[in-house]
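Protein chains: 4
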Amino acid sequence: MTIRIALLGAGRIGQVHALTISRLNTVRLVAVADAFADAANNIAETYGCEIRTNEEIETAQDVDAVLICTPTDTHADLIERFARAGKAIFCEKPVDLDVDRVRQCLKVAAEYDDRLMIGFNRRFDPHFAELKRSITDGKLGEIEQITIISRDPGLPPHSYIAVSGGIFRDMTVHDFDMARHLLGEKLTSVSATASALIDPSIRDLDDFDTASVVMMTESGKQVTIINSRRATYGYDQRIEVHGSLGMIRAENQRPVSVEFADVFGFTRPPLHDFFMTRYLAAYEAELTSFIQALTTGAPMSPNGQDGLAAMLIAEAALASVKQDRTVQLSDIA
Amino acid sequence: MTIRIALLGAGRIGQVHALTISRLNTVRLVAVADAFADAANNIAETYGCEIRTNEEIETAQDVDAVLICTPTDTHADLIERFARAGKAIFCEKPVDLDVDRVRQCLKVAAEYDDRLMIGFNRRFDPHFAELKRSITDGKLGEIEQITIISRDPGLPPHSYIAVSGGIFRDMTVHDFDMARHLLGEKLTSVSATASALIDPSIRDLDDFDTASVVMMTESGKQVTIINSRRATYGYDQRIEVHGSLGMIRAENQRPVSVEFADVFGFTRPPLHDFFMTRYLAAYEAELTSFIQALTTGAPMSPNGQDGLAAMLIAEAALASVKQDRTVQLSDIA
Amino acid sequence: MTIRIALLGAGRIGQVHALTISRLNTVRLVAVADAFADAANNIAETYGCEIRTNEEIETAQDVDAVLICTPTDTHADLIERFARAGKAIFCEKPVDLDVDRVRQCLKVAAEYDDRLMIGFNRRFDPHFAELKRSITDGKLGEIEQITIISRDPGLPPHSYIAVSGGIFRDMTVHDFDMARHLLGEKLTSVSATASALIDPSIRDLDDFDTASVVMMTESGKQVTIINSRRATYGYDQRIEVHGSLGMIRAENQRPVSVEFADVFGFTRPPLHDFFMTRYLAAYEAELTSFIQALTTGAPMSPNGQDGLAAMLIAEAALASVKQDRTVQLSDIA
Amino acid sequence: MTIRIALLGAGRIGQVHALTISRLNTVRLVAVADAFADAANNIAETYGCEIRTNEEIETAQDVDAVLICTPTDTHADLIERFARAGKAIFCEKPVDLDVDRVRQCLKVAAEYDDRLMIGFNRRFDPHFAELKRSITDGKLGEIEQITIISRDPGLPPHSYIAVSGGIFRDMTVHDFDMARHLLGEKLTSVSATASALIDPSIRDLDDFDTASVVMMTESGKQVTIINSRRATYGYDQRIEVHGSLGMIRAENQRPVSVEFADVFGFTRPPLHDFFMTRYLAAYEAELTSFIQALTTGAPMSPNGQDGLAAMLIAEAALASVKQDRTVQLSDIA
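Residue numbers (my numbering), protein chains in the order written: chain G, 431 to 763; chain U, 431 to 763; chain B, 431 to 763; chain H, 431 to 763.
Among the hints, a few may not be true.
Claimed, not checked - Derived list of chain U stretches under chain G, where covered just means 3 residues or more per stretch with a C-beta under 8 Å from a C-beta of chain G:
(1) 562-575
(2) 650-664
To be verified - Derived pair list, reagent style BS3-like, types lysine-lysine, alpha-carbon separation capped at 27 Å:
(3) G/Lys616 with G/Lys523
(4) U/Lys752 with G/Lys616
(5) B/Lys569 with U/Lys569
(6) G/Lys752 with U/Lys616
(7) H/Lys523 with H/Lys752
(8) B/Lys616 with B/Lys569
(9) H/Lys616 with H/Lys752
(10) U/Lys523 with U/Lys752
(11) B/Lys537 with B/Lys616
(12) B/Lys752 with H/Lys616
(13) H/Lys523 with H/Lys562
(14) B/Lys752 with H/Lys752
(15) U/Lys616 with U/Lys569
(16) B/Lys616 with H/Lys752
(17) U/Lys752 with G/Lys752
(18) G/Lys537 with G/Lys523
(19) G/Lys523 with G/Lys562
(20) G/Lys616 with G/Lys752
(21) U/Lys537 with U/Lys523
(22) B/Lys616 with B/Lys523
(23) H/Lys537 with H/Lys523
(24) G/Lys569 with H/Lys569
(25) U/Lys616 with U/Lys523
(26) U/Lys616 with U/Lys562
No lab work stands behind these hints, which were simulated from the structure alone.
Every residue gets a Cβ at the ideal spot worked out from N, C-alpha and C, and that includes glycine.
Can you build the whole structure from these sequences, using the hints too?
Take a look at the structure:
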């Protein structure tokens with residue numbers, strides 16, 4: 431059985447998924463849709479698929495699943511529409527920046543069969559997956575503290591920030607999901623600190639570029655997230671899990687790992703430049719997981735509820751910063 | 431000129447200082463005092479000094495300075511007493527567990543010449559000193575985030591915890607001082623999270639064994655401290671400073687640094703077992719600094735005010751945990 | 431322009447190349463030939479190509495190039511045959527275990543256009559390529575010493591060893607090629623030491639399992655190669671280049687790079703299990719280079735002469751061991 | 431019992447030993463002798479000992495042992511003289527650059543009680559000692575290959591080289607001793623390669639600055655030594671032992687181990703500047719071992735025979751280079 435896919439959105443991340451599809455044997459890219467003709471043409475020519483409109487894809491008999499890689503503000507509408515059309519859906523995070531809209535959308539999707547996966551790609555990174563495995567194996571004993579350091583290589587333009595939903599909903603949301611994924615226990619409270627240090631004018635957009643968040647579970651497990659929108663040395667992505675029996679950590683990755691030594695010391699190259707190279711294997715594993723779930727009928731993971739849960743933590747973090755207090759997640763949800 | 435020293439307290443840390451004195455050329459151990467005769471005898475025999483009472487040391491003409499290495503609850507009294515006696519004083523942290531008592535004591539000490547140094551030994555660790563140097567040199571640009579991971583190798587006995595003042599005053603206080611030392615800017619707020627995960631019965635002592643603290647300066651710089659009373663892999667002591675131009679970190683130290691590889695992987699030995707070995711060079715550099723300040727008349731650093739400041743942050747952290755809110759340091763001091 | 435490829439030999443390495451072809455846009459797998467029907471079927475089904483005989487491929491109008499991935503003793507014949515047929519040729523190393531046969535074969539190939547590339551895949555490893563780049567850039571100054579440590583994960587069966595040509599022609603030949611590739615200067619002498627330590631019965635096959643080789647160039651640059659047929663910790667592949675201005679090294683690679691710490695120390699996982707995973711990126715880059723050379727008409731590299739040169743060094747190494755002396759390469763060639 | 435020491439030679443290495451003595455409880459520096467009055471004065475003042483002539487030390491009743499830290503060409507004479515005087519002797523390597531003179535000297539020393547230790551300090555380095563321990567413990571199984579990379583930070587002046595005995599007797603001799611120490615099996619053959627790459631004019635002194643040596647034991651174990659008189663990145667001292675069950679390696683050491691990251695990559699500081707800092711702990715452990723052997727009557731190790739054995743390998747290495755062949759150690763001894 432070959433899964434037939436339509437790609438909605440032919441931008442950067444859409445291109446990554448198209449490449450992965452071409453590498454998988456059990457799946458075929460049938461169609462691409464994009465408001466920008468050039469972007470759609472590019473995918474169509476490279477991978478030999480048709481260019482279609484959303485409407486055509488909606489009613490197409492030869493499309494089993496859609497990949498939603500369009501701008502964020504279109505996600506919820508597209509999910510509802512293609513759920514109603516009976517297609518399986520892989521949607522890039524987030525479902526929506528507004529949690530009420532997310533709730534509404536998930537309700538619609540649930541009515542029409544629940545084949546919706548959300549693109550929290552980092553869960554599929556082989557190094558982070560190894561952390562998860564160590565936890566599950568019991569190698570670490572009881573988890574006590576998780577530390578996530580996550581810094582982007584550079585500040586995005588103000589135009590991006592203005593529509594991003596803010597650092598917690600746009601950037602930290604990945605770390606919130608990772609915390610949930612690793613913990614295996616409900617988070618109960620969030621305490622967040624944020625400032626605009628890289629570019630103070632970001633405060634004018636009611637946003638921050640530097641944040642530290644501490645979260646707690648019911649049993650007292652602690653998660654710390656350290657975020658910055660800029661790291662001069664590349665895309666800084668580290669996770670460390672400390673437990674009663676031991677500690678495990680995934681250090682940073684770099685494309686080339688030589689070490690050069692001279693009179694100034696020992697130097698290794700900078701890290702990956704950003705998520706497209708750092709998480710290449712993760713994107714491939716993620717889509718493979720989606721295809722497998724579709725083929726086997728296994729439940730999708732992470733699903734819409736995971737997407738909602740991470741957004742609720744983002745809400746709590748924002749409230750914590752604004753109110754200078756620890757926010758209980760039960761007050762948000 | 432040879433500085434003549436009396437050692438008050440011949441326990442573990444007193445022995446470290448006695449050894450350092452024997453290695454320094456410009457200083458001589460004249461006397462030792464300890465309530466336990468065996469401990470005092472041991473020092474006296476090894477280093478060839480006299481055993482005296484506190485009273486004898488107070489009035490001795492051949493003693494320029496005292497090292498206070500006695501139990502915490504005697505520190506403030508001894509500082510006042512030997513300040514009045516005109517001796518220079520090196521005192522292990524903390525001055526007292528009660529901040530009001532610290533304030534009172536510092537007032538007395540200030541009246542009688544201000545030659546008081548507090549034993550925040552980690553400032554003198556060569557690796558952490560290199561971090562400080564990088565900050566001062568401007569190599570990192572503007573400091574944005576400092577991350578301190580500090581885990582003890584094992585839970586102390588309940589009897590110790592009961593009189594320790596609690597994790598923030600006893601353990602995190604070192605990290606509070608390090609944050610102040612590295613920042614070069616006043617901290618303004620503290621948000622702390624704490625739980626008893628290693629041994630839940632520690633809650634009965636009104637204490638915690640696992641803590642995460644986020645602090646902020648006026649300009650929005652963020653400091654995160656991650657503490658645990660137990661790490662199975664040794665004494666975990668790491669600091670990382672992230673700035674606008676770069677990042678610098680001091681990784682963990684181990685006594686022997688070989689790497690063994692076999693079918694199970696590549697293994698390096700555990701870390702140092704605790705502070706006595708991990709910070710040996712720091713203790714030596716610390717006492718050398720005290721002697722140099724004494725010889726040259728340079729101001730002592732860290733001094734009593736530094737000791738007070740770290741204790742005030744500990745108070746704020748405790749209040750933050752109890753009140754589930756961010757505490758302004760201006761409300762404490 | 432699409433390059434049309436026929437794959438000769440559908441074994442382990444043939445499968446790797448077939449996968450790479452499927453990932454490249456400008457190339458298409460047209461046919462596969464293999465004496466084992468199952469192997470050929472497997473490739474044909476997975477990649478949708480035809481199964482043909484060598485004869486059919488030889489005369490096919492729709493085949494531009496062949497990949498020779500058959501057993502070593504067929505290489506020279508196939509090269510001659512497909513050179514005469516006007517096909518471009520990519521051949522796994524070595525051309526032949528007998529240097530006279532190699533010479534003869536290269537003579538034939540040269541007559542019929544010189545589009546022959548030899549599969550010294552390690553030249554295309556991104557980490558080793560970075561070493562080469564550092565040398566070319568002048569970052570290391572004058573090269574003085576190259577150290578290559580190359581250990582296989584486990585002893586192959588005696589049946590393999592019996593037909594392998596021996597450790598120098600089968601295993602060290604990769605390191606000889608790497609030395610030539612990095613040096614940029616003619617090697618002049620070889621001094622080799624070898625023993626059978628892993629399995630003494632390998633001496634019965636007139637072979638060794640452990641070897642150390644030192645080579646010198648005309649200007650006195652030194653290359654050391656350290657080989658073993660077995661490393662318990664995985665596939666050990668390291669290169670270090672020391673020059674007048676600095677040193678650069680490529681350390682070992684592992685599939686997952688987490689670090690686990692507990693009471694026994696800090697452990698990272700074993701290395702890659704063997705060349706198929708360790709050099710996956712290299713195989714892809716190698717075939718890409720072949721396709722690019724074909725498309726652009728650029729000279730093939732490494733070519734048949736490179737294959738011959740590495741085999742001549744292997745001859746010299748063997749002579750050095752047998753005669754307990756340094757062998758001049760001018761005496762061999 | 432306190433061991434009373436006289437120091438012969440108050441240069442760089444003599445100062446290191448004097449410092450160690452001051453740190454040991456069971457030993458006292460009684461006298462120092464040096465042709466340069468300033469050097470002797472310096473030691474005498476710092477450590478409170480007398481300045482004496484060799485003659486006075488020879489007949490002194492209050493001297494149990496002498497440390498010979500004078501120029502190499504005086505070692506053999508001094509050993510003979512102080513052996514006859516009944517003193518225990520610690521002598522810096524080598525006994526003499528001429529192996530016949532070494533043999534003669536050791537014969538004399540043996541007649542007058544055999545309390546002679548040779549200063550192969552690296553055996554006492556804590557990291558290398560851990561390698562030895564792993565071998566002895568059986569953790570590595572059967573040893574198969576030892577790799578020693580040993581590079582000095584910078585070329586010494588021609589005046590030093592002229593009297594040094596050449597790279598093998600002066601520098602590699604440490605590695606020859608380490609190989610013997612780690613192996614626990616007799617070396618049987620040596621194959622050496624050498625050139626003058628750093629400074630070709632060193633050939634005028636009949637010496638080399640860059641060398642690679644491969645040695646073999648009777649059972650076929652292989653040792654490779656890679657030497658250079660100059661490494662831009664500091665004092666490069668690495669050892670790796672590969673065995674049937676695993677591999678262990680001691681990587682380079684540096685005084686400060688922070689890592690700085692910026693747009694150019696991740697940089698750690700250069701290595702130790704030279705042996706005085708790199709092997710400080712080793713020098714201390716070495717002298718402590720000498721004192722312990724003296725106190726307990728245990729045999730000295732490494733002793734004069736160890737010194738001779740390493741010099742004989744140096745002879746063999748030199749012969750190997752000159753004759754372009756593998757030299758059997760049985761032909762030398």
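Hints and how they fare:
| no. | hint | result |
| --- | --- | --- |
| 1 | 562-575 | holds (count 3) |
| 2 | 650-664 | holds (count 10) |
| 3 | G/Lys616 with G/Lys523 | 21 Å, holds |
| 4 | U/Lys752 with G/Lys616 | 22 Å, holds |
| 5 | B/Lys569 with U/Lys569 | 24 Å, holds |
| 6 | G/Lys752 with U/Lys616 | 22 Å, holds |
| 7 | H/Lys523 with H/Lys752 | 25 Å, holds |
| 8 | B/Lys616 with B/Lys569 | 21 Å, holds |
| 9 | H/Lys616 with H/Lys752 | 24 Å, holds |
| 10 | U/Lys523 with U/Lys752 | 25 Å, holds |
| 11 | B/Lys537 with B/Lys616 | 22 Å, holds |
| 12 | B/Lys752 with H/Lys616 | 22 Å, holds |
| 13 | H/Lys523 with H/Lys562 | 21 Å, holds |
| 14 | B/Lys752 with H/Lys752 | 20 Å, holds |
| 15 | U/Lys616 with U/Lys569 | 21 Å, holds |
| 16 | B/Lys616 with H/Lys752 | 22 Å, holds |
| 17 | U/Lys752 with G/Lys752 | 20 Å, holds |
| 18 | G/Lys537 with G/Lys523 | 17 Å, holds |
| 19 | G/Lys523 with G/Lys562 | 21 Å, holds |
| 20 | G/Lys616 with G/Lys752 | 24 Å, holds |
| 21 | U/Lys537 with U/Lys523 | 17 Å, holds |
| 22 | B/Lys616 with B/Lys523 | 21 Å, holds |
| 23 | H/Lys537 with H/Lys523 | 17 Å, holds |
| 24 | G/Lys569 with H/Lys569 | 24 Å, holds |
| 25 | U/Lys616 with U/Lys523 | 21 Å, holds |
| 26 | U/Lys616 with U/Lys562 | 16 Å, holds |
The earlier numbered hints are all upheld by this structure, with none contradicted.
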